[in-house]
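Enquirer: Based on these hints, arrange chains L, E, X, U, D, A and C on the given structure of chain P.
Number of protein chains: 8
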Amino acid sequence: MTLKVYLSGEIHTDWRDQIIEGARDLDVRFDGPVTDHEASDDCGVAILGREDDKFWHDHKGAKLNAIRTRRGIGQADIVVVRFGEQYRQWNAAFDAGIASALGKSLIILHGPDHQHALKEIDAAALAVAEHPEQVAQILRYVLTGKLP
Amino acid sequence: MTLKVYLSGEIHTDWRDQIIEGARDLDVRFDGPVTDHEASDDCGVAILGREDDKFWHDHKGAKLNAIRTRRGIGQADIVVVRFGEQYRQWNAAFDAGIASALGKSLIILHGPDHQHALKEIDAAALAVAEHPEQVAQILRYVLTGKLP
Amino acid sequence: MTLKVYLSGEIHTDWRDQIIEGARDLDVRFDGPVTDHEASDDCGVAILGREDDKFWHDHKGAKLNAIRTRRGIGQADIVVVRFGEQYRQWNAAFDAGIASALGKSLIILHGPDHQHALKEIDAAALAVAEHPEQVAQILRYVLTGKLP
Amino acid sequence: MTLKVYLSGEIHTDWRDQIIEGARDLDVRFDGPVTDHEASDDCGVAILGREDDKFWHDHKGAKLNAIRTRRGIGQADIVVVRFGEQYRQWNAAFDAGIASALGKSLIILHGPDHQHALKEIDAAALAVAEHPEQVAQILRYVLTGKLP
Amino acid sequence: MTLKVYLSGEIHTDWRDQIIEGARDLDVRFDGPVTDHEASDDCGVAILGREDDKFWHDHKGAKLNAIRTRRGIGQADIVVVRFGEQYRQWNAAFDAGIASALGKSLIILHGPDHQHALKEIDAAALAVAEHPEQVAQILRYVLTGKLP
Amino acid sequence: MTLKVYLSGEIHTDWRDQIIEGARDLDVRFDGPVTDHEASDDCGVAILGREDDKFWHDHKGAKLNAIRTRRGIGQADIVVVRFGEQYRQWNAAFDAGIASALGKSLIILHGPDHQHALKEIDAAALAVAEHPEQVAQILRYVLTGKLP
Amino acid sequence: MTLKVYLSGEIHTDWRDQIIEGARDLDVRFDGPVTDHEASDDCGVAILGREDDKFWHDHKGAKLNAIRTRRGIGQADIVVVRFGEQYRQWNAAFDAGIASALGKSLIILHGPDHQHALKEIDAAALAVAEHPEQVAQILRYVLTGKLP
Amino acid sequence: MTLKVYLSGEIHTDWRDQIIEGARDLDVRFDGPVTDHEASDDCGVAILGREDDKFWHDHKGAKLNAIRTRRGIGQADIVVVRFGEQYRQWNAAFDAGIASALGKSLIILHGPDHQHALKEIDAAALAVAEHPEQVAQILRYVLTGKLP
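Residue numbers (full-length UniProt numbering), protein chains in the order written: chain P, 1 to 148; chain L, 1 to 148; chain E, 1 to 148; chain X, 1 to 148; chain U, 1 to 148; chain D, 1 to 148; chain A, 1 to 148; chain C, 1 to 148.
Isolated chain P (complex conformation) (with noise of 0.2 Å):
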């Protein structure tokens, strides 16, 4: 049966290209967020109409990014959430607290720097990864039984 795997997580590399290329021969289905930095913090506001307070801007296109992702993430088999080097990410965190309270097989991709900041997450994961080429080596080994 196809393996769904939605990607979330930073969105200024080529992390989930990388993971897909990878796994290219193998039975999986990607998901992830609208990674259109532009049209993400903009949708609300772009189709339900203007708000003057940004609070309320970026609220109304959060929640229409939250049916993508909630849906995304409740479809799911596995949940990769990668941390980069810049920003807060919070909702990167975020996701991962709802992929684990729903009981999705989390895979945490982070550099060696943000590994005390991020101890909690990595310790709710079954895998932590630094590379996306790893994603891909698991998801072949899980669909598989193969090793690099």
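Careful: at least some of the hints might be erroneous.
As the list claims (entries may be wrong) - Have a look at the derived ranges for each label pair, beta carbon to beta carbon: (1) E:PRO148 / C:VAL45: 47 to 55 Å; (2) X:LEU143 / D:GLU85: 37 to 45 Å; (3) X:LEU26 / C:ASP113: 30 to 38 Å; (4) L:TYR87 / E:ASP52: 28 to 36 Å; (5) U:LYS146 / L:GLN86: 55 to 63 Å.
In short, the hints are calculated from the structure, not lab data.
We put the beta carbon where it would ideally sit given N, CA and C, even for glycine.
Expert: Just chains L, E, X, U, D, A and C now, with coordinates in the frame of chain P:
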């Protein structure tokens, strides 16, 4: 019936005390993580034996803390999550995700600087406040219907 | 064990008091929404800060009230929903839907005029009554087996 | 994966057709109640036998319709509920409550006149729209990330 | 912690009293249906108004009784269901099905004559007993580890 | 989407065939128990080895049948339970209880003689019918909105 | 609908192949753990980096394997667990516990020597078999009603 | 709130007493299986009647014990499972699986010899300890934040 409130997040200011003080005449039971930073970091190795590798040192501690945290969030009616000015605070966002997925009433507490970065979490909350006394006022209103 | 009853809906007549009075010798704990109409409407802005836009004014208040409402319905064994003669009362029907989906025993209270309009909600209920004293009689029967 | 959308509420205008038309090139499957008003009212007695009492006539019909409604809402990713200008529409609000308790993404569609009366339901929604084309735009954004 | 036991089924012999007597020194709370046959049959019309049609007379009563029954089974740790010598007793088997689907520990009590007819229900039970005192012995063993 | 219907209960008349025939042009998938009485009674010992004691003979068979029954009911949208004129049929009532607790839409099929004895089960159903063709008509209405 | 069967436990004999062969004409989809012992033991360090400490070496591998195992058990209708003659096989018993708590139909496969030691697990199963062909016969009976 | 701890597994040493003694000043309620080996083996036939076949003798006992075990694990916040030096102890691993699937915090207690054989269970745990006093220290830390 006693209102059960879990106070998650930032541990370097006295915001928990302010809320508890503001609600001291109400039928509320507060819970939260271990706020002794050092104990929280080292509990795993102190009890279960030392690790050479910092990752596993942190891992053992994070898992022991999870015993307390998951139980506290799981039993709560309301989960308050405070984001302070410093540190990554990914565990706070992670707790918020868990609480949201479990259907807990979420109150987020943060200053205006973090508004954009916290928009996804704020959008899942039933209240976004700036000051601890507002949280106490919410608890009072929820229990008694009285406004400040 | 104490029977937990949530009294939802119309807030302009004394129907809640009649039920509570009729069940005063029974082991029942009653809960319900904040029935001070003005406080209920303004709680959001009174605690969390004013809004220029009426939509967001109402939004903030409705979310604070939801903290109380969801908890009350979630803890109840029985949810009584009364539909009165005036207003839209969509929040009463909304509460009935939540209670039904959570598997709560639903008692609907309304006059004969609303019979056709409430048929879907009545069909999900375990009792449809016209007068508050009938609700008290039901609570007595459920707890003691005694009929009026 | 096909997005499953349930269209609940008002049955006297062509809003469902507008949404379906606006989403005709998207991978969406729509469902909704029986919109033939007369069939919906009389289905119970037509199949299961006549009733003298209008209450039981309606009761039998409402229960047959519930077989379809509960299944449709239960299978949906998104539940859209439209409140029109006429009638009590309590069943629409009831459906919204069921959808909310089941954790469905809720989109509410109504004109500005109903803003205050629908505040509790709007507060539980991930989007509040005024026009059917906005709903189609949301579905497009959720599936493709494209804004209008 | 108090062991909660629901005693479902046959209401024409004193088997409930025998179990309660046999467990009188144990920390057990017993619950069960209304055992006054007449009150149980007529409660619906007595409180909510008469019906000409026997089907609806029974329907209203069965729903009121369901308020008590569902709560009692839902709160129980153990559900004991007794099948006697007379009547169809379909409601006893129905209660057993509900209890089984809710994951309750099921104890079935019946004479040897019913062995074949009850095989599906017995197969879902954790104990099949013939005499009420065996049920009391089971409760004692479960709470104290003592055998008769 | 294919409507999944489980046909439980009486196995001595052709009521299943009548429903299946009446719904032959609809998108319905039917499931049900093994209706070969002898195979159903003896499956346990035939596969897993003989038992001297009739209780365990039946027990082994009932458990094998439960593998099929629980899966069928668990996957169904609608569970139809027919009570015939003969036998105790406790397993039919047991299936109805399981279906009810799992939130399945329940249709009960029985003659007028059983009305009083089945009142608790009828009260939990969304339809009570007397003839198999009524069930087929319900399935048609639920899927297409067409009345007979 | 395809019957989903998870084959857990002993990996040193060809029992899985025997069952798959015996059910080759049935609509069954089989799943199970990675049965390459070495890959299963070393997958964690092979993909995620070496560990000096055997405990963490095993820990990383066990968690990767859990991604596959939890998904397989979670999707299964039936979980078959085989206990062989050698090794502790605690992971087989652990899988059986998970399957039981998730409400899966459990079939246990073991020789007569283990009867007493496996009594708690056997007692939670719907079938206890000695030979793989019996499992194939059960699958055939469950799907077709045919006995061997 | 009282911390509920279930102590599962090995019954031949005094490890339970050591933990209870080490936690005697804490707000903890302990539960566990019947530890009288003989009573545990024979409870089924002692109460429900003798069986000639050892399989059914054990079966009846295992089911009675399951009434206690499932309730104890189901009510626990923390499940501690100890694996000793002797016997197969499959029921301990089975309890661990149930606890894990129910989302309980799992603490595994075993000597270094069993490390490899228990890797799957250890990987699902929040703590792996070697000595009973470590478990008491964990309970103290979880409740008070104090380290040894």
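Enquirer: What hint numbers does the structure not satisfy?
Expert: Hints 2, 3 are the ones this structure does not satisfy, whereas the remaining hints hold.
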